[in-house]
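J.: These protein sequences, in sequence, are chains S and L.
According to the working numbering, the residues represented by the first sequence are 1209 to 1354, in order.
According to the working numbering, the residues represented by the second sequence are 162 to 463, in order.
There are no misleading hints in this set.
Below are the EDC-like pairs computed for lysine to aspartate or glutamate, each with C-alpha atoms no more than 16 Å apart in a straight line:
#, chain 1, residue 1, chain 2, residue 2
1, S, K1245, S, E1226
2, L, K291, S, E1333
3, L, K291, S, E1332
4, S, K1336, L, E268
5, S, K1270, S, E1212
In case anyone wonders, no lab produced these hints; they're calculated from the structure.
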Amino acid sequence: MSHEVEIVLVEDDPNDAELITRVFRKHNLANALVHVKDGAEALDFFFAQGRYADPPSRGIPKVVLLDLRLPKVSGIDVLRRLKSEEATKTIPVVVLTSSREERDLMDAYELGVNSFVTKPIRFEEFAKVVSELGLYWLMVNRPCDS
Amino acid sequence: MTEASAERQLRLILQDFDEERRNLQRFQKATLNLLEDMQEDRSRLDQTQRALMNILEDVEVERGRAEQANALLEAVNRELEAFSYSVSHDLRAPLRAISGFAEAVVEDCAPRLDDEGKRYLALIRENAHKMGQLIDDLLTFSRVGRQQKVETQIDMAALAGSVFEELAPQAAGRRIEFVVRPVPPARGDRAMVRQVLMNLLANAIKFTRARQQGRIAFGYLAELAGGAYYVQDNGVGFDMQYADKLFGVFQRLHPLSEYEGTGVGLALVHRIVTRHGGRVWAEGREGLGATFYFTLPEGDNP
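My request is simple: use the sequences and hints to build the entire structure.
T.: The structure is reproduced here in structure tokens:
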């Protein structure tokens, strides 16, 4: 198993997921990407439940890209859970959302989000933001190893 | 006693009796009158009481209605909140997909596309972007209507300076002279007033585009309408007969092909100034520039 999971993408919009994955692929960052489609699946993934109950060793992802408005369990609730559990609280979480509401911004920061990014509509900007995010969190940022 | 005197005696007694009876009758009548009066008074009292009860009931009903209206207003507000949240989230996502997959076609299928095909794709992306801008502007517009106003003292000269600095990238490569004349402080919501200056100065930069030397001034006229701030430019100006249309949503006086914009900026300016109890108006002449005036509550002079 050479590829540990480095990026977890929590995104319910298949278009956004495809566009984001495409950008990562172009930068050779997509091999270690896992895409989960809603908040419940995200929690299953992180806490080894449901279809992720018997996982091979995946290591700790270097970054989670989290959409806010998700079916079943909202992004804010996923964030709350991740930041409150010992095993997951040091994983960097970047909210990547269409929302521009102040409320979301405040909620996310209060829960300890590591970064908050609004998805630009213009694709060139979107692609740039996504690739910068990937490069920064995978190449530049030093994760908490313990 | 003779029979005659006995008879007189008897008549006298009978007379007395009669009188007593009459007295009694009078007394009875008086008592009855009194009782009647009392009855009347009581019924009047009853009436008053009933009237009072009615009024109380009315008050209760009114209060119930007011509470209902309040609850309705709150519900509507919540709904509006949820609506604008959906707009900001759900309308944006398909736009990004349109723009993104158009880009993907350009990148991945370029060899199979001729120039016309590429141009069409560029148009698709451009329009997706425009619609995004429109959504943003409308959201800001609706937000200004419901946001709480936080009033503080505002140093208008400093604010105008920092706004112009922020707008500098839009003026890159152009010669624009920006002058801030002496202006008094105002009182208002800082973020909102900042938006007013942002929109007016951005317009000034935009509409002086065709000038070799753009000139923009921010100042104050104490003698005008009890004191009005103004943003003046030497840009393309406008025809005064359309002056009343300037501040309407989606109203534009210049063709999109020459000057981009969604037609929301000045409507937003109008909304903010009005919410501050101020007034906004404009003067202009085609080809000779425009001046936008607005009033705001006075700040404390230092």
